[in-house]
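S.K.: The primary structure of each chain is shown beneath.
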Amino acid sequence: MNGATINAKVYAGYAKAALIIGTTYLHYRPSGTSDPVSAATQMPSMMVSLNADDPKYSRPNVYGKPTWYAVADGAQLAVGDYIIGLEGTLFVAALQPLLPIFMVSCNRTINFLRPASADGVGALGYNGADDDASEQVLMSGWPASVQQGTKGEKGDAILPGDARSPWWSVLVPGVAGITLRSSDIITDDLNRRYTISSAELTDLGWRLTAMQAVT
Amino acid sequence: MADISDVLDVLTAQTSGYVYPNGTGQASVAGCNVRVYPGWPTASSLDQDLQVGTVNVSIFPSGTEMNRTRYRPKQNVMSVVTPTLTLTVVNNVVTIGGAMPSPFTPHNLALLVGGVAFIYPVQSTDSLTTIATALATLLAASYPGTTSTGPVITMPSGTTPIVARVGTTGQVTTEWERQAQRIQITVWAPDPTTRNLVAAAIKTALSQVTFLTMPDGFGARIKTAGGFFSDALEKAKTYRRDLIYEVEYATTVTEQIATVVAVQVKYETQNGTPLVTKTY
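Protein chains in written order, with the working numbering: chain A, 1 to 215; chain B, 1001 to 1280.
Calculated from the structure, these hints are not laboratory results. Only a predicted model underlies this, so the values are computations on that prediction, with no experimental measurement involved. All C-beta atoms, glycine included, are put in the ideal place defined by N, C-alpha and C. Misleading hints may appear alongside valid ones.
BS3-like cross-link-like pairs, simulated, lysine-lysine; straight-line CA separation at most 30 Å [claimed, not checked]:
#1 1266/B / 1237/B
#2 1235/B / 154/A
#3 154/A / 1237/B
#4 1278/B / 1266/B
What follows is a list of derived Cβ distance ranges for each label pair [to be verified]:
#5 182/A / 1079/B: 46 to 54 Å
#6 1067/B / 38/A: 55 to 63 Å
#7 1237/B / 150/A: 54 to 62 Å
Isolated chain B (complex conformation):
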């Protein structure tokens, strides 16, 4: 799920990239050390840093969160595990192919015969042969004479059409809420020049960003919401600039679910009397 802490972390990583465009092994845009972090500075640490010319950039939420929920919850498929097992059908012969997943990931092998689904959930201890044996056993209950030899299942001749499907699992993410939060990016610098260089680099770079990519794969809309410039701390040789952004992000829940290998549909009359059940 994306939370406000994720927003802060993403902005920290982005901001660090703007002030160290060539990596932290090279000089920053201001030529001095710059620390970028979520959270407020601790007073003693900030004082110590500014004395030696190290700029701090703190990133923290500002003000209250605003509700921006506007969509019904909808599941979004974020990723699907690629199957390593295959099912091949030639007439009445089904062959289990591919390889057992390593490391193990769930696979469901489905055969649709005569409008009925025969589904075998692969176990981590299975081999291609034991999968074929298990599927053949399922089929033999409805289709006597079904046998298996190694990874090959042979059904009674004329048993067609046979539809074969291999299912795995995937990540599905649902957006339940959406909110907007102002984020305050504060540059704490030991002199006005350094402040200007660091703040301008962040401001310029973020002005070109429309969406941040959050860890849950969703985008978070970012737009400028003002800022201020302060010399109020000049007695302590501290020069501050605050850049304020509004970030609209989703609160999501990610689940791992199995992909669909067969769908059963029940047809009824308008008064609820069952007519027929079909599997697709």
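Bound conformation, chain A alone:
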């Protein structure tokens, strides 16, 4: 008996429990940088039971907490997988040995863009333009957790009716070959636009701080 064998038994136990207490979730394994949840990435559905905050089924999910624990057959899951079912869309943040399966609930679908960099030397065209046509798409169609941050800043336009521009905390799986960085742009399915302020690649995926770009 070793850690791997014990972990396999734990996951087998989760799988049996999920068959009894879980509900059916669609299962997707992203491939590439776009449309991680699509027919092309779909895997066989699986039974999953989710509980918030701790693995004891003793507390409900609360505001500002996108993290969940899953009871499911961990052997069928991989970090970065998405599941869609009763509790919405979640991605697998971590499959740590002998520990509960750690999930993140997604409330938005987002895209990552990067303003085009200048090419060539000498006299170039107008550089201040950051338009849709010139932005480089890094990732598109990714369900993500976009949670309200703790503070805001006054918008640059300083209009009489301006409210403060809110900060947001974004969690999204890491994608091989993509390194997000400050000043990259996020857009979401509500047509909101954000600028990444800090980008941290953790073993649970990307943890980003972004400021909403508003006038």
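Here the structure of chain A is known, so what remains is to put chain B in place on it, guided by the hints.
M.R.: Same frame as chain A, now just chain B:
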């Protein structure tokens, strides 16, 4: 018309020439890559460039525009299309010569006979013969017996003097407003030495320039208006120098109009009673 964007574009082209005196195929004055552009740098692009030693020079208006309008609007002839058709008069015989313009440009052929102008606007489908026929028809209404054969018009003998003129079109530009705008030329360099080399090349070259030539053909007065030198971004390995210039440029409107081939003058008494009308 000249607009602030034209000022930025002209300064971009000029500045690029100063930092690449031998062309962009050769090394810049600092030996590194230099990008020159109107507009502010985008943060991520600038960071990326400075990491690999590429200097950015951004050109952007600074502060508010100031009104410098001081002249009444006046049309200035900027160019006139050279006619390809000719009119030759020998006694009472007029010959249409030259060639139809290709590509077509408007031509007005005018004959002044007995103080009256007979003007035919040439059509794109015309030939020398059809022009002569059309002019002869106009003339025949007042001078019966006028005929044409090929490109030659023959008026009744003794019909002189005949004055012939060929008009085309030209570009006329009117200055409606004049304004002064400060322009900030910012050098973003990865080290102080590179900053100094690039900024000094721009500063030295622009100090010898009095007027920029704008796309509308007008000159724009340029003069230095200060600048500043900043190491405030040294933590990010960014060294900045701003050169500020005041550029006074005209807001113009350019029109294409026909050249004058005949002028009609009406003479009146002081109380407005017509006396005589003459065509010159």
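S.K.: None of the hints should be skipped; say for each whether it holds.
M.R.: Consistency of the hints with the structure:
1. With a C-alpha separation of about 76 Å, the suggested pairing of residue 1266/B with residue 1237/B is violated against the 30 Å cut-off.
2. Simply put, residue 1235/B and residue 154/A have alpha-carbon atoms about 26 Å apart, close enough for the 30 Å limit, and the pair holds.
3. Restraint check for residue 154/A and residue 1237/B: satisfied, since their Cα atoms lie roughly 28 Å apart, inside the 30 Å limit.
4. The hinted pair formed by residue 1278/B and residue 1266/B meets the criterion: a straight-line CA distance of about 6 Å does not exceed 30 Å.
5. The given range of 46 to 54 Å is respected by residue 182/A and residue 1079/B, whose C-beta atoms sit roughly 51 Å from each other.
6. Between residue 1067/B and residue 38/A the C-beta distance comes to about 59 Å, which sits within the given range of 55 to 63 Å.
7. Distance hint for residue 1237/B and residue 150/A: a CB-CB separation of about 31 Å, inconsistent with the stated range 54 to 62 Å.
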